[in-house]
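As they're listed, the protein sequences go chains A and B.
Be aware that the first sequence starts at 1, since it is given in the working numbering, and climbs by one per residue.
Be aware that the second sequence starts at 1, since it is given in the working numbering, and climbs by one per residue.
Check the hints yourself; a few may be wrong.
Just some of the chain B residues that point at chain A, by a computed CB distance under 8 Å [what the hints assert, rightly or not]:
hint, residue
1, T21
2, M27
3, N47
4, R49
5, A51
6, G138
7, A148
8, L150
Distance windows between CB atoms, simulated [what the hints assert, rightly or not]:
hint, chain 1, residue 1, chain 2, residue 2, range
9, B, G190, A, L51, 52 to 60 Å
10, B, P42, A, Q111, 19 to 27 Å
11, A, L51, B, D165, 48 to 56 Å
Hints were generated in silico from the structure; no laboratory data involved.
Ideal placement from N, C-alpha and C gives every residue a C-beta, glycine not left out.
One-letter residues, chain by chain:
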Amino acid sequence: MAGLPNQTEKLSLDTFLRGLWEENPVFVMLLGMCPVLAVTNSTMNAIAMGLATTFVLVASSVLISLIRNLIPKQVRIASYIVIIATFVTVVDYAIQAISLDLYNALGAFIQLIVANCVILGRAEAYASKQRLHTTLVNSLGMGAGFTLALLSLGTVREVLGNGTLLGYAVMPADFQPWVVMILPPGGFFVLGAWLLLFAWLKQRRDQRLLQQEGAPHAG
Amino acid sequence: MSDIASTPVAQNTLGFRMVRTLGAIAMLSGLLVVLVFQFTKPIIAENQRVAIEQAVFQVVPGATSRSDWVLTDSGLATSGSDGEVIYAAYSGDGELKGVALAAGAQGYQDIVKLLYGYDPSCQCVRGIKILKMTETPGLGDKIAFDPAFLANFDTLDARLNGAGDGLANTIVAVKHGRKTHDWQVDAIAGATISSVAVANAINRSLQRAAPLLQRELDRIRTQTNEGGAD
Numbered sequence: 001m002a003g004l005p006n007q008t009e010k011l012s013l014d015t016f017l018r019g020l021w022e023e024n025p026v027f028v029m030l031l032g033m034c035p036v037l038a039v040t041n042s043t044m045n046a047i048a049m050g051l052a053t054t055f056v057l058v059a060s061s062v063l064i065s066l067i068r069n070l071i072p073k074q075v076r077i078a079s080y081i082v083i084i085a086t087f088v089t090v091v092d093y094a095i096q097a098i099s100l101d102l103y104n105a106l107g108a109f110i111q112l113i114v115a116n117c118v119i120l121g122r123a124e125a126y127a128s129k130q131r132l133h134t135t136l137v138n139s140l141g142m143g144a145g146f147t148l149a150l151l152s153l154g155t156v157r158e159v160l161g162n163g164t165l166l167g168y169a170v171m172p173a174d175f176q177p178w179v180v181m182i183l184p185p186g187g188f189f190v191l192g193a194w195l196l197l198f199a200w201l202k203q204r205r206d207q208r209l210l211q212q213e214g215a216p217h218a219g
Numbered sequence: 001m002s003d004i005a006s007t008p009v010a011q012n013t014l015g016f017r018m019v020r021t022l023g024a025i026a027m028l029s030g031l032l033v034v035l036v037f038q039f040t041k042p043i044i045a046e047n048q049r050v051a052i053e054q055a056v057f058q059v060v061p062g063a064t065s066r067s068d069w070v071l072t073d074s075g076l077a078t079s080g081s082d083g084e085v086i087y088a089a090y091s092g093d094g095e096l097k098g099v100a101l102a103a104g105a106q107g108y109q110d111i112v113k114l115l116y117g118y119d120p121s122c123q124c125v126r127g128i129k130i131l132k133m134t135e136t137p138g139l140g141d142k143i144a145f146d147p148a149f150l151a152n153f154d155t156l157d158a159r160l161n162g163a164g165d166g167l168a169n170t171i172v173a174v175k176h177g178r179k180t181h182d183w184q185v186d187a188i189a190g191a192t193i194s195s196v197a198v199a200n201a202i203n204r205s206l207q208r209a210a211p212l213l214q215r216e217l218d219r220i221r222t223q224t225n226e227g228g229a230d
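Model the full structure from these sequences, guided by the hints.
In C-alpha cells form, the structure reads like this:
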C-alpha cells in the first residue's frame, strides 16, 4: 500500500493554475453552487466565504494526503467528512472571533461549507491519491479559483445592486440600484452571464485549435 | 501467508484498521475543536459584549455604562435569573439615561429583532437599532437605516395610562405621511409591513415592560453593582 506511483502528479505551475482556469471549480466544474449563489450579494461576503472555503479545502486536503495510506478505503468517505467537519468548526469559531457582523452576514453558510462538494470532491479525486506538496499546491489553486469565482459574482452584484464596492460608493449619485441583483434571482443572472462568457471563450479557443490543425492539411 | 489463517485474520485486521483509523481521526478532531473553542471563547464573549454595549449606547443617547437586569412578571430581578434581559444605561456621572430592551415581531419575511431605548423620565422611546432581519433589500430593509423613519423614535410617546398597567396610547404604524400624534410611527412608503413590525414589536414589549419599569424605577435609578455591571 505504498501509494500509487504511476498516478502521482509531478509538481508544476499547472498544478496551481488548473484550479484557477482550466478546472475552475465554479465556472468549469459547476461545483459548490449553493454558497456561490447565496453569499455573493456583496464583495466582502464573497471574499470571506472564499477564504473560509479555501482554508477548509487546503487544511483538509493536506491532512488527507498526509494520512492517505493509513485510511482503509471502506471508511475513507467517513474519514474525509470528519476531517472536513473539524476544519469547518474551526473556521466557524475563528470567524466569530474575528467579526460578529461578518458571522451574522454569512449566517448558516459557514457551517454548510461541510457540504460543499468542491472539498469532498478534491479529497476523493486528488488528495487521497497525490503526494503532500502537489496536494497543497493544487488545493491552494482550487481555493483561489473558488474565491475568484465568488469575487467575480460578488463585485458585479454589489456594484449593480447597491452602487457600492466594498461599501464605498462607486456609481454616479443618480444611479438607481438594480435591487434584483442582490436578491436571489440576481445570483442566477450573474452566474449565467459569467458561464456564458466562459463557454464563449472556450468555444473560440477550440475553433482556433481546429483551424490550426486544418491549416497544414489545406496547404 | 499460510492458507489456514488468511481469510479470518484478514477480515479481523481490516475491521480493526477501520475502527482504529476512524477512532484516531475522531479523537484528533475532537481535540482540535476543543482547543480552538477554548482559545476563541474569551474573544467571542468579548465581541458579543462589545456588540451589545454599542447597541445599548446607540439606542440610549448619552449613555456610557450599563448594568444588566432581568425583567420578570413580578418585577426586576438581578442578572442571572430567568427572564428577559434588559440593560439599564447610565451617563458618566451615574445617572440613569434610559433602559434598552429587546423586542421582536413578524416582518415581511421573518421575525424582525430590534433593541430600543426607553427613557423612564420622559416616558418615551429614544432610539432603535435593528439587530436581525431578512426584509427585502431596497424596500423593507430601510427600517434599519432610513433617517426619516428612525426619526420617529427620537421621542416616541409611551406614556402610562391612568391605571398604570399599560400604555395610554397604543404605539401603531400609520401610512406614510399620516402621522398626527407622537405615539404613531410614520411608515416607510413601500415598506409598510416592515414598519408595522417595528411598531408592533415596541408596542407589545412596552405594554408589559413600561409599568414594571416605572414601578421599580428606584432600584435602577442609580448605578449599583447589584445589577451585575461589568
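To see whether the hints hold, each was checked on the structure:
1. T21: 5 Å, holds
2. M27: 10 Å, violated
3. N47: 5 Å, holds
4. R49: 10 Å, violated
5. A51: 5 Å, holds
6. G138: 4 Å, holds
7. A148: Given a least distance of 19 Å, the restraint on A148 of chain B is violated.
8. L150: 19 Å, violated
9. B:G190 <-> A:L51: 52 to 60 Å: 36 Å, violated
10. B:P42 <-> A:Q111: 19 to 27 Å: 22 Å, holds
11. A:L51 <-> B:D165: 48 to 56 Å: 54 Å, holds
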